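Top to bottom, those sequences are chains E and D.
Quick note: the first sequence, position 656, residue 656 per our numbering, numbers continuous.
Quick note: the second sequence, position 168, residue 168 per our numbering, numbers continuous.
By construction, these hints were calculated from the structure, which means they are not laboratory data.
These numbers come from a predicted model, not from an experiment.
Do not rely on the hints blindly, as some may be mistaken.
As the list claims (entries may be wrong) - For lysine-lysine, the following DSS-like pairs were computed, each having C-alpha atoms within a straight-line distance of at most 30 Å:
1. Lys702(E) <-> Lys155(D)
2. Lys397(E) <-> Lys326(E)
3. Lys702(E) <-> Lys272(D)
4. Lys139(E) <-> Lys300(D)
5. Lys568(E) <-> Lys482(E)
6. Lys702(E) <-> Lys201(D)
7. Lys155(D) <-> Lys79(E)
8. Lys772(E) <-> Lys201(D)
9. Lys6(D) <-> Lys139(E)
10. Lys182(D) <-> Lys785(E)
11. Lys43(D) <-> Lys41(E)
12. Lys702(E) <-> Lys182(D)
13. Lys79(E) <-> Lys201(D)
14. Lys182(D) <-> Lys155(D)
Unchecked claim - Computed list of chain E residues with no C-beta within reach of chain D, every gap over 10 Å:
15. Ala40
16. Val47
17. Trp104
18. Ile119
19. Asn135
20. Leu189
21. Leu290
22. Thr292
23. Leu400
24. Asp527
25. Gly651
26. Thr654
27. Glu678
28. Arg710
29. Leu715
30. Pro770
Glycine is no exception: its CB is placed at the ideal position from the N, C-alpha and C atoms.
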Amino acid sequence: MSARDLHGPGAPWGPEAPGAKANADFGVVGKAHRKIDGLAKATGAAVYTDDLQLPGMLHAKTLRSPHAHARVKRVDFTKALALPGVHAAIGGDSMPIKYGVIPWTPDENALAVDKVRFIGDPVAAVAALDEDTANAALKLIEVEYEVLHAYFDPREALARTAPAIHESKKGGNVSKSVQLDFGDVDSALSQAAVVVEDDYTFHGTTHAPIEPHCAVATYSADGLLTLWSATQITHYVHRALSRVLELPPHKIRVIQPCLGGAFGGKSDPFSLEFCVSKLAMLTGRPVKMLWTREEVFYAHRGRHPMQMHYRSGATADGKLLGVDAKILIDGGSYSSFGLVTTYYSGQLLTGPYHFPSYRFDSTRVFTNKPPCGPKRGHGSVQPRFAFEIQLDQLAEKLGLDPLEIRRRNFQGDFTRTVNGQRITSNGFLQCLDEVERASDWRARKGKLPFGRGLGVAGSMYISGTNYPVYPNEMPQAGVQLKVDRSGLVTVFTGGNDIGQGSNSLCAYIVAEELGLKLDQVRVVAADTDLCPVDLGAYSSRVTFMVGNATIDACRKLREQLVAAVAAKWECAAGRVRFIDGLVVDLEDVSRSMSTMEAFQLAETKFDTLGATGSYNTPTLGGDYRGGTIGASPAYSFTAHVVECEVDVETGRITVERVWIAHDCGRAINPMIVAGQMEGSAYMGLAEAVLEDHDINRFGLHKGPSLLDYRIPTSLDTPEFHALIVESLDPEGPYGAKEAGEGPLHPSLPALSNAVYDAVGIRLKHLPFTPAKVLAALREQRAAAKQESTGALARGAR
Amino acid sequence: MLRLPKFELRTPTTLEQAIEWLEEAGPSALIVAGGTDLVPNMKHELFTPELVVSLAGIAELRGIRRDHDGALSIGAMTSLEEVAANELVRAQAPALAQACSLVAGPQLRSMGTLGGNVMLDTRCQWYNQTYFWRQALGFCMKKDGSLCHVVAGGKNCVAAASNDSAPALMTLGANLEFESAKGARETPIDELWLADGIRNKKLEHGEILTRIRVPPVGTGHRGAYGKLRDRGSIDFPLLGVAVRLDLDSAQRVEHADIVITALAAQPKRISKVVETLRGLEVESPEFASACETVAALAHKQCRPLPNIPGDHDYRREMVPVYVRRTLAAAAARSGPVHHV
């Protein structure tokens, strides 16, 4: 039995369920707990990939292309291999099989085979006794290039087909193009009382996790390849290694050690994972590669720059009639998740507002820049930015309060979107209420002194998707429990804890279900030899899917435990309760035993104990090509109010306070949820005012360092107020949905809307640099002057 | 992580020993003070010394004292944090204390020294990059190449002086004490600079900056520092404005000076400042309006280039704003002028 059959509309935590549990009725769930790895991280005991030191380990380095677009004519390792201490050197021909995280678009090689496509594209790798020798060897590798025309402007890449960045691709430099129509947008807009049409720009940003990518591989004498890697998706790395290295999957083990941040930037299989594996196979010695910060910027997979054109129409009372979008997406040099990004740029906009008609036309093109990919809020942060500003523009034309227009267009819960997505629980209205109340919106919006303003925006996001990256009918999440006479329960999960706390989640759920203390549960995660398959940490799927799989396994196990205790006590099973490390008889409180004793009884009665659990999504999505992309078993909803101050002399925007209301379903650990909400808003606002993943006129990253890529310091961080809204979802674990990505979305448009409230300028093109603010203020003054001159002239007539 | 190139590190405990080792090794030796600038620059292969002589073990180079003539004497190895917090400095050289308080971030200020900040290498977005990056660019005239990417066809390097302390010390008329095998020399900080971004200091190999002397000021001394940067911490200046005002007993300006940094190779003194402000009482409307005039003068005289990160037109636009705000701060005995 999988969890999807276990729950359903009648789930015990559902809003309609007669016995719906309040947080107080849970032992562990709904309460603040430490992360189970918190102390190890705080004390420095946690082991990250780069902490691994193996006997005889070699160090590897990557030679990268200094050209943005070039044919690789010749690579000569003679001199490099002659350097004492160098053990092996490899080029593209050592691993000619292409890969890509999306099986339909394999266009990457571990090392360049024929061409390089951006400055920093990996060309060769060397393993040597130490890092300095490996670096010295890189300088001795001779590479001959034939330089080709490079594309840095997506419009040029779209217009010009030769030279193509990927020659095997039909259609010049187009990576993916999606046009979808839902309802008759043109006639809807022709009937609209008000239409707004405008352009919006999202620049590029990157993840900047504090831990750089790192991988270590060993290859045993009997042919087992083991890879430790700072990845957020062990399973896809496992598959890609098997494909590229032509090894059967059972001869490969992938382990993710403790991870220092990812945010989507460690979702793809990366060059270094293949290189250390190949080098370990060639040398028979362990090989490590740790990327420099600069190399992390080249690996990128960050947020796609998008040029967006939106046209929306509404009735006189503010009800949306139609939305029409045209989006040009700058993909950089490879596909990565780009197929999904292109769909997401349109598919994820159809909530929390009701769209009677909708159309989008999104095209992703290749350019000779570091490849873009998934960053927190994959594919939907950019369109959300554009649309939430456009919604304010509509409200203004109609003389409506921005909060009010959002309320009026609320889609409702347990409904279906125009593009066929099933919406279950939906706490968006409550999110609006919360930010309205907490920010004192009614008393302050539009009434603050010049230079200070409030802005609102809303959003929705997926809690996992029913589209596994490669099509299959197997569970998306699997969990295994081991229980024995020691009183310990060990959870084996393929889920990747990337700092978001997914291992802790497993522990909380097991402790809740089996009435254990948290220290009676240990979690073993992200090791393909030990743990059942999970599809990894992306699309905000882990709480929902791994959580449900864990519940599933626990309930099977609990049946056995209850049966063993009931037999011993000769009572009905319903009287046996597991609470806080004890088993008690509900009707005779004098009778109790420790859970350890219960485990021993069960082990005696049933033999060695264990249970598996799994989760798979129900059938979801629209009945059209691409209709399952973006279809999620549950959606989270968010509203932000941002308060900012604009210095009209310097153009600097200071975000003072942010109220973040987020409907995450049940907050299994409200402290972690609040942390995710604050972290999301922090990241979104950083993208709005500071961060800029900019490629200069030479094709070079403007400043690939943490000095020049400005992530905010604590001094640049506003005051956050996390307001958790819990619309219990019938299918989520205890009603939970997601909290890791959704709460990022509204921060950017809410800031733009706040700036409008503060000083009357509409910022539509990111990033909001002080220079842009000053330019907009000048334009505003010029327009006002023209207006008054015009008025005077009209008056004179 | 980027690797440091191989080098020998020596840590003498006396100045004499340091001088001797530097003299012996010749130009392949470099001095390291706090290392907060040199170490990343070495990782970027901008400097590849064979010998690095650390001044960290020389006790006499640390500490702040008042000399018998009333001058402040600050050991070159005194940390920026200590200078910023020192009561004597705050009273006698407020612009310097403020400038030091805004260098980089707290960790770097506790490692970085005043002497190191004065001797900081110039900075440019085409220069402060890794070897790989600079190679892909084709290098630049400041290091390993011949072209300038800031000024097309430019013959002179325009990398920017980026030390916050320098303009403050210039307004204070500070003197720098150097020692070398040839003996000691003292030079006004104004005379240190060259208009060349490759090498913006008149300095001979083996000369060690030992102390920074700030002459005494009157009771009417005022000073402030204004710093433009993207973040509230860490970043080098996109513009740095040091202001000095000396008031008489009636609060009228006797002397005034403004020096601006992060423009080109050397900090720039704004001309006609004292002529514009002299005799004006600082709380008068005349003073406020004269400050506008000074701001306009500064705007006219300063033309930031696209050398360091950030929009150079915007940096120019900020010159009068920061000049006016820093003047006001000095007059009001407040500051620093900084957005957080």
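Going through the hints against the structure:
1. Lys702(E) <-> Lys155(D): Given pair Lys702(E), Lys155(D) holds - Cα atoms ~23 Å apart, limit 30 Å.
2. Lys397(E) <-> Lys326(E): Holds, at about 22 Å.
3. Lys702(E) <-> Lys272(D): Violated. Lys702(E) to Lys272(D) sits at ~38 Å, over the 30 Å cutoff.
4. Lys139(E) <-> Lys300(D): violated (47 Å)
5. Lys568(E) <-> Lys482(E): Holds. Lys568(E) to Lys482(E) sits at ~22 Å (cutoff 30 Å).
6. Lys702(E) <-> Lys201(D): Satisfied, since the Cα-Cα distance of roughly 28 Å is no more than 30 Å.
7. Lys155(D) <-> Lys79(E): Given pair Lys155(D), Lys79(E) is violated - Cα atoms ~37 Å apart, limit 30 Å.
8. Lys772(E) <-> Lys201(D): violated (36 Å)
9. Lys6(D) <-> Lys139(E): holds (16 Å)
10. Lys182(D) <-> Lys785(E): violated (67 Å)
11. Lys43(D) <-> Lys41(E): holds (28 Å)
12. Lys702(E) <-> Lys182(D): violated (44 Å)
13. Lys79(E) <-> Lys201(D): violated (41 Å)
14. Lys182(D) <-> Lys155(D): The given pair, whose Cα atoms are some 33 Å apart, is violated under the 30 Å limit.
15. Ala40: Holds, since 22 Å exceeds 10 Å.
16. Val47: About 18 Å separates Val47(E) from the closest Cβ of chain D, which puts it past 10 Å; holds.
17. Trp104: About 32 Å separates Trp104(E) from the closest Cβ of chain D, which puts it past 10 Å; holds.
18. Ile119: violated (5 Å)
19. Asn135: With a cut-off of 10 Å, Asn135(E) comes too close to chain D, as the shortest Cβ separation is near 6 Å.
20. Leu189: holds (38 Å)
21. Leu290: violated (7 Å)
22. Thr292: violated (5 Å)
23. Leu400: Holds, since 35 Å exceeds 10 Å.
24. Asp527: holds (26 Å)
25. Gly651: Gly651(E) is in fact no farther than 10 Å from some Cβ atom of chain D, at 8 Å.
26. Thr654: Given a closest Cβ separation of 7 Å, the condition is violated.
27. Glu678: holds (18 Å)
28. Arg710: Non-interface label fails for Arg710(E): nearest chain D Cβ at 5 Å, not farther than 10 Å.
29. Leu715: violated (3 Å)
30. Pro770: violated (6 Å)
Checked against the numbered hints above, the structure violates hints 3, 4, 7, 8, 10, 12, 13, 14, 18, 19, 21, 22, 25, 26, 28, 29, 30; every other hint is satisfied.
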